[in-house]
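Student: Listed below, chain by chain, are the residues.
2 protein chains.
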Amino acid sequence: MINIQEAHQLIRSNCNAHRIVEMDLLEANLQILAESVIAAMDTPPFDQSAMDGYAFAFDKTGDSNALKLTGEIQAGTYSTALLSNGETVRIYTGAPLPAGADTVVVQENVELACEYVKLVDALLVKGGNVRKQGSQGKKGDVILDKGQILTPAGISLLAGNGLTQVKIYGNPVVHIINTGKELVKPGETIRLGEIYESNSFGLAAALDQLGIKPGQISVVDDEEDIILDCIHKNLKADILILTGGVSVGDYDLVALALERAGVKKIFHKVKQKPGKPFYFGVFNQTLVFGLPGNPAAMLTCFYTYIVPAIEAFTKKTYFRKIQLPLASDYKKKAGLTHFLKGKIVGHAVMILDGQESYLMNSFALADCILELEEQKEIFLKGELMTLRLII
Amino acid sequence: MINIQEAHQLIRSNCNAHRIVEMDLLEANLQILAESVIAAMDTPPFDQSAMDGYAFAFDKTGDSNALKLTGEIQAGTYSTALLSNGETVRIYTGAPLPAGADTVVVQENVELACEYVKLVDALLVKGGNVRKQGSQGKKGDVILDKGQILTPAGISLLAGNGLTQVKIYGNPVVHIINTGKELVKPGETIRLGEIYESNSFGLAAALDQLGIKPGQISVVDDEEDIILDCIHKNLKADILILTGGVSVGDYDLVALALERAGVKKIFHKVKQKPGKPFYFGVFNQTLVFGLPGNPAAMLTCFYTYIVPAIEAFTKKTYFRKIQLPLASDYKKKAGLTHFLKGKIVGHAVMILDGQESYLMNSFALADCILELEEQKEIFLKGELMTLRLII
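Chains as they are written, first to last, in our numbering: chain A, 350 to 740; chain B, 350 to 740.
Since the hints were derived computationally from the structure, they do not count as laboratory data. Heads up, the beta-carbon is just placed ideally off N, CA and C, and yes, glycines get one too. Take the hints with a grain of salt, since some may be wrong.
Output of the computed footprint for chain A on chain B, the stretches with three or more beta carbons under 8 Å from beta carbons of chain A [what the hints assert, rightly or not]:
id, segment
1, 439–446
2, 480–489
3, 517–529
Heads up, simulated PhoX-like pairs for lysine-lysine below, C-alpha to C-alpha not over 20 Å straight-line [unchecked claim]:
id, chain 1, residue 1, chain 2, residue 2
4, B, Lys620, B, Lys680
5, A, Lys725, A, Lys682
6, B, Lys664, A, Lys670
7, B, Lys562, A, Lys562
8, A, Lys582, A, Lys613
9, A, Lys625, A, Lys670
10, A, Lys534, B, Lys488
11, A, Lys692, B, Lys665
12, A, Lys516, A, Lys665
13, A, Lys682, A, Lys625
14, A, Lys670, B, Lys670
15, A, Lys417, A, Lys495
16, B, Lys495, A, Lys692
17, A, Lys692, B, Lys664
18, B, Lys534, A, Lys488
19, B, Lys516, B, Lys488
20, B, Lys665, B, Lys692
21, A, Lys495, B, Lys495
22, B, Lys692, A, Lys664
23, A, Lys682, A, Lys613
24, B, Lys670, A, Lys692
25, A, Lys665, B, Lys692
Work out the full structure, taking the sequences as your base and the hints as a guide.
Tutor: Written out as structure tokens, the structure is:
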């Protein structure tokens with residue numbers, strides 16, 4: 350049986366796929382740019398007043414500093430008249446300077462008399478209160494680099510540049526197959542021996558956290574031919590997730606069906622708790638994950654192994670890892686890495702009660718997963734732990 | 350002019366609204382529960398085998414410890430036969446124990462001979478490897494408390510309980526009005542004096558980060574009657590955001606139009622940079638925010654003031670605040686609180702170049718906003734800063 354470091358390494362070395370897609374700006378929110386974005390125009394696109402004030406030619410004001418007011422330019426309009434020496438126009442923030450002008454005096458620093466504007470701004474310099482064309486960026490400049498996350502501010506920047514589409518690393522297509530004869534859809538009536546199917550809900554919600562809508566979701570009986578048929582229909586996904594049926598019981602048929610479907614097993618079983626029966630294989634470019642049916646084990650494997658595989662596909666980081674001291678002592682046996690549901694309380698992390706693989710009560714309250722080393726047995730209060738945030 | 354503490358306080362004291370909605374589990378992902386969730390059934394719903402093995406009555410095995418194999422129970426099926434003394438059935442993980450049985454021996458700990466199963470498990474106790482009905486939770490128990498965030502694991506827990514709907518604090522309806530005669534839709538052609546409208550994109554993307562789709566988005570000219578008419582049409586929102594036109598220029602008509610519409614001004618202008626002209630008012634239960642048109646000032650005000658207002662509505666926390674040391678010295682003048690775009694680099698926070706209110710290049714790269722105290726002028730490398738994460 351391999352350990353978790355080997356499992357991570359084997360998954361990583363099989364994560365070679367990605368998909369570059371062109372998208373509307375808003376749809377690309379928080380995705381990673383797959384190519385650098387080039388400015389389509391100068392920003393600002395013209396010499397622009399930075400303030401409400403009066404525009405004029407700095408070197409041609411004459412001795413009196415009194416300028417004749419000849420017009421007004423509101424933002425969104427422009428003047429075709431050439432400003433002559435000794436003239437000025439009322440101008441508003443964002444409006445284009447008229448030809449002949451190079452400087453703006455702010456409205457608080459003038460005296461108005463009839464049709465004349467007298468400058469009273471000893472600190473004003475030539476070009477003052479003007480944003481020169483292209484001062485924020487020139488047409489043809491790289492405005493955002495490949496590999497940058499496209500933030501809301503980045504979307505605003507690109508929209509301001511007139512752009513409507515952008516190339517990003519797209520999300521993988523993720524199909525889900527839940528196996529188990531005992532599974533009944535929530536809301537329906539269960540009979541003795543049956544339970545409600547919850548794994549597709551947990552997985553769909555966890556994918557939604559990453560901004561990914563699952564593709565096909567199937568729930569099938571524990572019968573090898575039925576599982577095989579369903580695998581065949583879902584092998585075109587980038588990532589195929591199966592839940593249940595990966596242990597060694599007589600009815601744990603997922604590994605057998607995957608083998609018959611031509612999926613190449615990379616590993617099956619990892620020295621970890623929960624999630625020991627975890628399976629990973631590949632079929633062409635498709636990554637195939639077999640997760641235990643117990644919901645807490647299933648979600649632990651998702652956050653621990655499938656999130657990094659999705660990160661490799663989208664080049665994105667979904668959850669921060671942080672370090673916090675342990676709130677109280679904890680003991681475990683050596684031999685398996687333990688993944689524990691934790692909750693941050695003040696400046697420490699508390700290990701929640703109820704860590705069994707079938708218990709979801711504690712997982713529902715958890716905001717992080719702690720990873721407790723395979724061979725280590727005693728963890729003391731105050732010890733610094735690395736945690737993977739999950740919300 | 351008020352300071353930012355007063356602004357926060359005035360907004361907070363007007364944030365009294367919320368909306369409780371019943372939703373499908375998956376739609377409620379990551380929202381806050383508005384009422385405690387009560388278990389609809391026992392979990393597990395029957396005495397369930399925890400392992401693949403053999404079920405039998407612990408006290409009635411007889412001296413030989415050899416039990417007669419009488420049948421098999423797969424998960425999802427059940428047996429109606431009463432198990433007699435000295436009998437056992439093959440049973441699989443998740444399957445219901447037959448009547449008369451109370452204990453399961455795992456398949457590794459038996460010897461099989463013809464139709465007999467011999468127990469070889471000295472450590473086995475009565476009830477071993479059985480999950481008793483209701484051991485995870487009883488029908489009628491509170492399984493998740495009001496106020497808890499509904500995580501993917503929580504959704505899995507509730508689905509496993511057969512539930513399909515849940516009551517959560519819903520998102521506010523947010524309408525947006527962008528004002529400015531100079532604004533042209535990205536993708537269209539601009540003429541001299543015009544610029545691309547980017548604020549609706551920045552705001553829609555920032556709302557999308559919170560899982561909120563904006564309601565109405567309008568772009569209107571700087572004409573008081575047009576703005577007034579648009580305000581009238583949008584005052585039914587929970588939150589109305591206007592951008593542009595909140596300064597004191599002759600064409601900054603938003604505050605005037607809001608007054609005519611009957612919106613009660615709570616404050617206008619805050620001792621901060623960027624975003625000094627920031628406006629806040631109320632109309633019945635509707636919160637009305639007037640943001641500067643400059644995109645960096647606009648988004649700064651959104652993250653600083655509107656996100657907390659939305660948090661009050663949904664009871665949720667969207668962005669963590671963390672503390673990190675400053676990567677290099679920084680100086681500012683006293684008198685205004687400065688909000689600066691920052692980027693976390695290793696274990697320090699770097700203040701990005703290009704902090705002017707019209708520059709989006711730096712904001713597009715930022716992952717946090719730093720708040721620099723109003724009266725303080727010098728900030729030294731290594732000083733611990735509080736930062737609001739924005740991605």
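Student: All hints, please: hold or fail.
Tutor: Structure-based check of each hint:
Using a Cβ-Cβ cut-off of 8 Å, 5 residues of the segment 439–446 of chain B lie near chain A, which meets the minimum of three, so the contact claim holds. Beta-carbon proximity to chain A at under 8 Å applies to 3 residues in the segment 480–489 of chain B; the threshold of 3 is reached and the given coverage holds. A stretch counts as covered by a chain when three or more of its residues have a beta carbon under 8 Å from one of that chain; for the segment 517–529 of chain B and chain A the count is 1, and the coverage is violated. Distance check on the hinted pair: lysine 620 of chain B and lysine 680 of chain B sit about 17 Å apart at the alpha-carbon level, within 20 Å; holds.
With a CA separation close to 8 Å, the supplied pair lysine 725 of chain A and lysine 682 of chain A stays within the 20 Å bound. The straight-line distance between the Cα atoms of lysine 664 of chain B and lysine 670 of chain A is roughly 25 Å, outside the 20 Å bound, and the hint therefore fails. Between the alpha carbons of lysine 562 of chain B and lysine 562 of chain A the distance comes to roughly 16 Å, so the proposed pair stays at or under 20 Å and holds. A distance of roughly 17 Å separates the Cα atoms of lysine 582 of chain A and lysine 613 of chain A; the hinted pair therefore holds under the 20 Å criterion.
Distance check on the hinted pair: lysine 625 of chain A and lysine 670 of chain A sit about 23 Å apart at the alpha-carbon level, beyond 20 Å; violated. A threshold of 20 Å between alpha carbons decides the hint, and for lysine 534 of chain A with lysine 488 of chain B the separation of about 19 Å falls inside it, so the pair holds. With a C-alpha separation of about 17 Å, the suggested pairing of lysine 692 of chain A with lysine 665 of chain B holds against the 20 Å cut-off. Only pairs whose Cα atoms come within 20 Å are accepted, and lysine 516 of chain A paired with lysine 665 of chain A is accepted, the gap being roughly 14 Å.
Distance restraint check for lysine 682 of chain A and lysine 625 of chain A: the Cα-Cα separation of roughly 15 Å lies within the 20 Å cut-off, and the hinted pair is therefore satisfied. Proximity of lysine 670 of chain A to lysine 670 of chain B is assessed by CA-CA distance (about 15 Å); at most 20 Å being required, the pair is judged to hold. A threshold of 20 Å between alpha carbons decides the hint, and for lysine 417 of chain A with lysine 495 of chain A the separation of about 51 Å lies outside it, so the pair is violated. Between lysine 495 of chain B and lysine 692 of chain A the CA atoms are separated by roughly 17 Å; this keeps the pair inside 20 Å, and the hint holds.
Taking the CA atoms of lysine 692 of chain A and lysine 664 of chain B, the gap is about 19 Å. The hint holds against a cut of 20 Å. Restraint check for lysine 534 of chain B and lysine 488 of chain A: the C-alpha separation of about 19 Å stays at or below 20 Å, so the hint holds. This hinted pair checks out: lysine 516 of chain B and lysine 488 of chain B have alpha carbons roughly 19 Å apart, not beyond 20 Å. In summary, the hint linking lysine 665 of chain B to lysine 692 of chain B is not supported, as the alpha carbons are separated by about 24 Å, beyond the 20 Å threshold.
Distance restraint check for lysine 495 of chain A and lysine 495 of chain B: the Cα-Cα separation of roughly 43 Å exceeds the 20 Å cut-off, and the hinted pair is therefore not satisfied. Restraint check for lysine 692 of chain B and lysine 664 of chain A: the C-alpha separation of about 19 Å stays at or below 20 Å, so the hint holds. Between lysine 682 of chain A and lysine 613 of chain A the CA atoms are separated by roughly 33 Å; this puts the pair beyond 20 Å, and the hint is violated. Note on lysine 670 of chain B and lysine 692 of chain A: the hinted pairing holds, with a Cα-Cα distance of about 17 Å set against a maximum of 20 Å.
The hinted pair formed by lysine 665 of chain A and lysine 692 of chain B meets the criterion: a straight-line CA distance of about 17 Å does not exceed 20 Å.
When the structure is compared with the earlier hints, violations turn up for hints 3, 6, 9, 15, 20, 21 and 23 and for no others.
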